[in-house]
Each structure stands twice: as C-alpha cells, then as structure tokens.
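Listed below are the residues making up each chain.
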Amino acid sequence: MRLRRLNEAGVMWFRAQLAALRANPGQNLELERLEDPELTVPVEPIIQVEKPDFETKRDAAVYLGSKLKPLDSAGLFDDAGLWAWLALLYFDLVCRKRSGRRKVLADPHYIVDPDFRRRYRHLLATPVRVLWTIPKYNALFLDAPLDTHGEMMEQLMSRLYVMRIPAVAEAAELLYFDRETGKRKRGVFPTTPQRGDLRSRFPIRLRQLGLTYDLAAVSGAQLVDLLGTEFQRWLTRS
Amino acid sequence: MIRRFNYTGRKTIPQKAFDLVVEPGPPRQFQATFDLTAYEFPLDAALYFEAYSSGATPVVRFPWGTVGNPQPPVDRSLQGVQGDSVLFNFKAVDETGDHGRILGICRQITLRGGAEGEDAGRKSLLPVNAIPLGQQVWRVSFENAQPWLEVNADIPAIKERAQRDPVFFALVFPAVVRQILAEVLVTRDFFDPSEAEKWESRWLRWGIRFHPDAAEPPEMDNRERSERKLWIEHVVAGFCKHYKIADGFVAEITGKETD
Numbered sequence: 002m003r004l005r006r007l008n009e010a011g012v013m014w015f016r017a018q019l020a021a022l023r024a025n026p027g028q029n030l031e032l033e034r035l036e037d038p039e040l041t042v043p044v045e046p047i048i049q050v051e052k053p054d055f056e057t058k059r060d061a062a063v064y065l066g067s068k069l070k071p072l073d074s075a076g077l078f079d080d081a082g083l084w085a086w087l088a089l090l091y092f093d094l095v096c097r098k099r100s101g102r103r104k105v106l107a108d109p110h111y112i113v114d115p116d117f118r119r120r121y122r123h124l125l126a127t128p129v130r131v132l133w134t135i136p137k138y139n140a141l142f143l144d145a146p147l148d149t150h151g152e153m154m155e156q157l158m159s160r161l162y163v164m165r166i167p168a169v170a171e172a173a174e175l176l177y178f179d180r181e182t183g184k185r186k187r188g189v190f191p192t193t194p195q196r197g198d199l200r201s202r203f204p205i206r207l208r209q210l211g212l213t214y215d216l217a218a219v220s221g222a223q224l225v226d227l228l229g230t231e232f233q234r235w236l237t238r239s
Numbered sequence: 009m010i011r012r013f014n015y016t017g018r019k020t021i022p023q024k025a026f027d028l029v030v031e032p033g034p035p036r037q038f039q040a041t042f043d044l045t046a047y048e049f050p051l052d053a054a055l056y057f058e059a060y061s062s063g064a065t066p067v068v069r070f071p072w073g074t075v076g077n078p079q080p081p082v083d084r085s086l087q088g089v090q091g092d093s094v095l096f097n098f099k100a101v102d103e104t105g106d107h108g109r110i111l112g113i114c115r116q117i118t119l120r121g122g123a124e125g126e127d128a129g130r131k132s133l134l135p136v137n138a139i140p141l142g143q144q145v146w147r148v149s150f151e152n153a154q155p156w157l158e159v160n161a162d163i164p165a166i167k168e169r170a171q172r173d174p175v176f177f178a179l180v181f182p183a184v185v186r187q188i189l190a191e192v193l194v195t196r197d198f199f200d201p202s203e204a205e206k207w208e209s210r211w212l213r214w215g216i217r218f219h220p221d222a223a224e225p226p227e228m229d230n231r232e233r234s235e236r237k238l239w240i241e242h243v244v245a246g247f248c249k250h251y252k253i254a255d256g257f258v259a260e261i262t263g264k265e266t267d
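Here the protein sequences line up with chains R and E, keeping their order.
Under our numbering, the first residue of the first sequence carries the number 2, and numbering increases by one thereafter.
Under our numbering, the first residue of the second sequence carries the number 9, and numbering increases by one thereafter.
Treat the hints with care, as some may be off.
Label pairs and their in silico Cβ distance ranges [claimed, not checked]:
(1) Q87/E - Q233/R: 38 to 46 Å
(2) E231/R - P50/E: 47 to 55 Å
(3) A20/R - R18/E: 50 to 58 Å
(4) P115/R - R231/E: 24 to 32 Å
(5) H250/E - L236/R: 38 to 46 Å
(6) D114/R - A183/E: 15 to 23 Å
(7) G183/R - H250/E: 58 to 66 Å
(8) A190/E - E152/R: 44 to 52 Å
(9) P22/E - D93/R: 53 to 61 Å
A few chain R residues that don't get close to chain E, going by computed Cβ distances all over 10 Å [claimed, not checked]:
(10) R16
(11) A17
(12) E36
(13) V44
(14) D108
(15) F117
(16) E181
(17) A218
Read the hints as simulated data drawn from the structure, not as lab findings.
For glycine and all other residues, C-beta sits at the position ideal for the given N, C-alpha and C.
Use the sequences and the hints to build the structure in full.
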C-alpha cells in the first residue's frame, strides 16, 4: 500500500474513531478509509509499506526507519498526519485485541501531540526517533512490546539529556538492562527514591556531574564510573 | 530558597567575550572570535563550541584547539542543527585527568545579528525558530534549555511576521507570555527570580518589570496555584498595556480595511 498521511479531516475522523473504540472496545476500525481521498493524501516520494507483524518497538523502528529514510527528516516527527495514518495502518499492532477487546490509550499514543510533554508518547514515531538518534545502546527503549508506552519512554524520552549526551543511553543500558532476560532490571523505577535508581537518582546525579565534567566526551563506562558507588550495585543486579 | 554552590572553581564566562557570525553557505558555517585572557585558564585547556537548536536534536560539537593555540576546525557546518536559529555553549576543559573537567563555561551564546534580532553577547529571552509545523502556525517549545517560539517555516516570511507584524504580536505574544510563565510557576513550581543562569529566573525577572506593582511572584501558594496564576494575569495585562497592544491591533486591522 502506498504511504499516505491523514489530512485535517482525517485526523479528526481518527480521533472520533478512537473515542468510539473506547466506548465500545469490541468494535473494529474502518481500515478501508486508509486510502479515502477525503481523509488522506499520498506522500511524496512514493513509498510502499506492508504490514509485517511487529512484536517490539525495535521491529517497528527498524522497518519504518528504513521505509521513511527518503523523507526529509526535518519536521518528520511532528508530522501528525503521517504518523496518525501509520498508527491507523498498524492499529491491530499498536492496540492489540486481547480477549476480543482493545484497550485504547490516550490520543497522543496514536496521533502526535504538539505539546512537548506528550510528543514522545506516539507508539510508532518515538521508536523510530530513538533508533535514528541513539543507534546503539537503545535496548532499554526498543526491546519492549510495541503496544505499550511504558515507564521507560515516559521517564526518559521527555528528558533532553538522553538525546544530547551520547554516553547517557550507554550508561543506562549498562546499569539497568538485563542482557540475559532481554528486559530492564527490576526495581529501576521505584515509587520512592532509592540508591542509584533510574527514576530519581540517575537524572539528579547526571545534572550534578554535568556542572563539573565534560560529559559529551565520556564513554558509557566512564559515566558509570563517575556516577559513583551508589550505582555500582546495578551492574551486577538482575 | 534553594541556593547552589560552585565548589569546583568553574568560571562562568560572559557572553560579551564572544563574537559568533554565520559565514555564507551552503553549507551554513559559523566563525567565532573570543577573548579568554581574563580567566587565566591553563594553556593546554581544550576548547569546544556546542551548537544546538530547539527540538531534541543532537548537539553538534566543534573542537576548537586549546587556550594557548585556538584552532577552528575545518568543518564548522551547522547542517546538523535543525531550524535556522542556533545557540551555542562554549567550554574550556581540563583534559589532563581521567575525565575532562570544565574550567569555564558560557551558555546560550547567540550569533551576531542572529535570527532572533538580538546583538551578540545578549541572551535571547525567546529565540524564534522556523521549522515544519504542519498546519500549526506557532507553538512554544521548552525542549532545549529555554523556551523557543517555533513558527511554521512553510508560511512566507513567518519569522519577519513573528518579529514585526503588529497583528501577530497582538494575537500571539500575550498567549506566549502566559504559557511560559505558567510553565515556570505552575508546572515547574519555580518561583525564584534570583538565579542568574536559569531561564526560569530570567523570565520571572522579565515578568516583574510588567507587573503593575513590580511584585515578585508569590512563593507560598495553595494547591491550585491561584496566587501565581493571578500574578501571571497581572503581568500579561501589564505587558499588553505597556505595548498598547489592542490599540496597535485596531490600527493595523482598520488600516488594512481602508486600503
């Protein structure tokens, strides 16, 4: 199918569909509207997309990242119509039916929200953005189910240093990702601050270190070293 | 009130020490001159400029030799920086130890005659950046160390309109001011106008100028932050009064109607 974007009417229609699905989680979307000229416009240059069965954010990021390369990257992640159309195309994957019902999340998970606090919630745009910006050491973000936003995305993607300081993603992966299970370690997001946790202590310590050290030049391992002893226990914990 | 202490001896370099200009392109490149003689940094301290813009785009870093031998890199292209408004950080770094230690820093340096229309050496309170925004005309972004006014690059002469058009000014800027001050005082719960380096403080100091009583924002407030919201409304009203925004708007639209 040729890649398209929803126009303004299309985005409004999609919002209404999402609202209707929340009211009636058993119903299906009208996917035949994907090529409706009243709701969509074709994207230039011509890009053909298929419907592979993505399981993880990485699956989707690798596939879509490759497909979208011909497009101008400036403003790509703010293109609400494009990402809404993709969310519609892959709706069965970003909002899977379980026991015949869907749990429809808030609109920004399917339609890019212009507010910077919610922009990162899009279930397809953000994985692509992560893959392009953090090509290595992105397991914490991408090795996760496609249809859930997750604490990791919510906590880290809205923080600029993750994208800005190359060593941050590597250090976070060294500390908090369990290579054996392929998942993040347990307890990295405690509700109350704990020694070396990812939710509270990691960002605070990074801010402190950034005042003293040239963090742009350190490696992930060096950053772990600088973070100090309270973080060391995460290196061995599973 | 929380105060921060600088135990590291790190020096803050004022923006007036720098003169940054864009060289004709493409690709768009920059050149920098600066004077660090007052700071007595070691001659072997390494120098870096870091360019960034609004949006969560990566920082583009430019090694600039050492204090004793500044060497601009051959490639000073700003192509990797999204949008046409660019800010720079500058660092002098002691690299003799295991980890580079910052000896001196200057943040948010603007280009001379930059797109924000400010002089070099002054921090822009609200840089304007033209980027693709679909059907949005403008929005405020807080993603990049300070608020940015992002405008739709597909609209002809949008940056000029944002900076000089009385209609744009009347319809957009009071909303922008309200949104930024609400972000500071309500969302971020920040109320201290005295922090020299923080953008939140700079906006609060700016707001105090327009408050009818030149009052500082309320430190103590209820859960709804109603006192701070009232302070914001006073600032917005003072801002509109100072610039006679409604009069300017009427003059503009009636002028157009009679043309």
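Subject >> Numbers of unmet hints, in rising order >> reply: 2, 5, 8, 15, 17
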